[in-house]
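A.B. asks: Residue numbers (numbering that gives the first Met the number 0): 0 to 154.
Accuracy of the hints is not assured; some may be wrong.
[As the list claims (entries may be wrong)] Beta-carbon label-pair distances, calculated as ranges:
id	residue 1	residue 2	range
1	Y48	R68	15 to 25 Å
2	L108	V67	38 to 48 Å
3	L96	E38	43 to 53 Å
4	V119	Q65	33 to 43 Å
5	V19	G56	39 to 49 Å
6	A116	V145	42 to 52 Å
7	R78	P16	25 to 35 Å
8	Q69	L23	14 to 24 Å
Worth flagging that the hints you see were computed from the coordinates, not collected in a lab.
Quick reminder that beta carbons are idealized off the backbone N, C-alpha and C, glycines included.
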Amino acid sequence: MNIESGFSQVAQSLLWPVLVLVGLAFVYALWTGGATLMEAWQRWRQPQYRSLRVAPGLSMEELELQLVRQVEPVRLLSRLSPMLGLIATMIPLGPALQSVAAGNGQQALAVFSGAFAGVVLALAAASVGLVVYSVRRRWLLAELLVVRKERGVAQ
């Protein structure tokens, strides 16, 4: 067994885990998008709504860390999903191109459609993640500014 076939086998074994991760990312994107819409509705109904939980005695640095922890999952979603989509597309392309070379165009077409479905779901998840990240980050930074003003440490 040469190194190229070994790499190929390792890459092929990654296809199902990557597809599962793409599916989970898409489901998480839908969930977090819905949660953000609900939070927007709450903010519209209650202008003083805060999702940044300010416990007594927390320093500004601890509040900033809390803010980062709240938005980090959707930031990772928006950054990792396109990579997973690319992996999900590239893995099946090798066997698909071999099918085309062997004259089995129909078999290659089936592989291509599945590969592109993975990248579409991953890009959709990344798009939702980027929107949610941007909106929630803006909300949380505005809340942090209010806390800074209340504590007299606004810059």
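A.B. asks: Each of the hints needs a verdict: does it hold here or not?
C.D. replies: Checked hints:
Between Y48 and R68 the beta carbons are some 19 Å apart, a value that agrees with the proposed interval 15 to 25 Å. Distance hint for L108 and V67: a CB-CB separation of about 45 Å, consistent with the stated range 38 to 48 Å. Checked against the hint of 43 to 53 Å, the C-beta distance between L96 and E38 comes to roughly 46 Å, which is consistent with it. Between V119 and Q65, the C-beta spacing of about 35 Å keeps the proposed range 33 to 43 Å intact.
About 42 Å separates the C-beta atoms of V19 and G56, a value consistent with the hinted range of 39 to 49 Å. Between A116 and V145 the CB atoms are about 44 Å apart, so this pair conforms to the stated range of 42 to 52 Å. The hint said 25 to 35 Å for the Cβ distance between R78 and P16, and at roughly 19 Å that hint is violated. Separation of Q69 from L23 is about 20 Å and conforms to the stated range, judged on CB atoms against 14 to 24 Å.
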